[in-house]
Amino acid sequence: MPSDESPAPAPVSPIELLGRVPYGRLATSMRALPFLAVARHIVSDGRILLRMHSGFGYHEACDGSVVAYGADNYNATSADEGDDLWSVQFTGPAEIVHPCPEQAELFGTAPVSANGEPFAPAYLRVDPHFVTEHTLDFGASQLVRHAA
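Note that our numbering has the sequence shown beginning at 1298, numbered continuously upward.
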């Protein structure tokens, strides 16, 4: 008997989801205080490369430490269109790196300034050891669509 239902889409890996958005948030601590920093990311050889403003010194605080890097599509219009919202978090050691020209090009145009200072890029590589993914499914029931 033929089915009118289309097959469910294949699951997307967290690292593939990360490639769908350009920016995320880096979390670690500096001088015993936690902080979050916005960073531009690309995925290269299963690792996450981050570009951030060097003027804040966050890259130095992260070098050699275990960090968490997360991204999501929460500000997308996906929920209004019936698509799921998702967030991914990668935890692992970070180190300062210098991307090759091909990797640097994948980051795209850098911001002109950060908090009024000329943007000076710094790059980190995160080697994900732990991965967490969360989804908010808006397609299951319209009755609970706006419940949190």
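Mixed in with the good hints there might be a few duds.
[Unchecked claim] Here are the in silico distance ranges between beta carbons for each label pair:
id	residue 1	residue 2	range
1	Leu1333	Glu1414	31 to 39 angstroms
2	Asp1360	Asp1434	18 to 26 angstroms
3	Asp1434	Ala1329	17 to 25 angstroms
4	Asn1372	Ala1324	28 to 36 angstroms
5	Pro1308	Ala1329	36 to 44 angstroms
6	Asp1380	Glu1357	34 to 42 angstroms
7	Glu1313	Val1363	34 to 42 angstroms
8	Pro1390	Pro1415	37 to 45 angstroms
9	Ser1362	Asp1342	16 to 24 angstroms
Derived from the structure by calculation, the hints contain no laboratory data.
Every residue, glycine too, gets a C-beta built ideally from N, C-alpha and C.
Now for the hints, and whether the structure bears them out:
1. Leu1333 <-> Glu1414: 31 to 39 angstroms: About 19 angstroms separates the Cβ atoms of Leu1333 and Glu1414, which means 31 to 39 angstroms is violated.
2. Asp1360 <-> Asp1434: 18 to 26 angstroms: violated (38 angstroms)
3. Asp1434 <-> Ala1329: 17 to 25 angstroms: This hint is violated: roughly 38 angstroms between Cβ atoms.
4. Asn1372 <-> Ala1324: 28 to 36 angstroms: violated (18 angstroms)
5. Pro1308 <-> Ala1329: 36 to 44 angstroms: Given about 39 angstroms between the Cβ atoms, the range holds.
6. Asp1380 <-> Glu1357: 34 to 42 angstroms: holds (38 angstroms)
7. Glu1313 <-> Val1363: 34 to 42 angstroms: violated (23 angstroms)
8. Pro1390 <-> Pro1415: 37 to 45 angstroms: violated (30 angstroms)
9. Ser1362 <-> Asp1342: 16 to 24 angstroms: With Cβ atoms ~21 angstroms apart, the hint holds.
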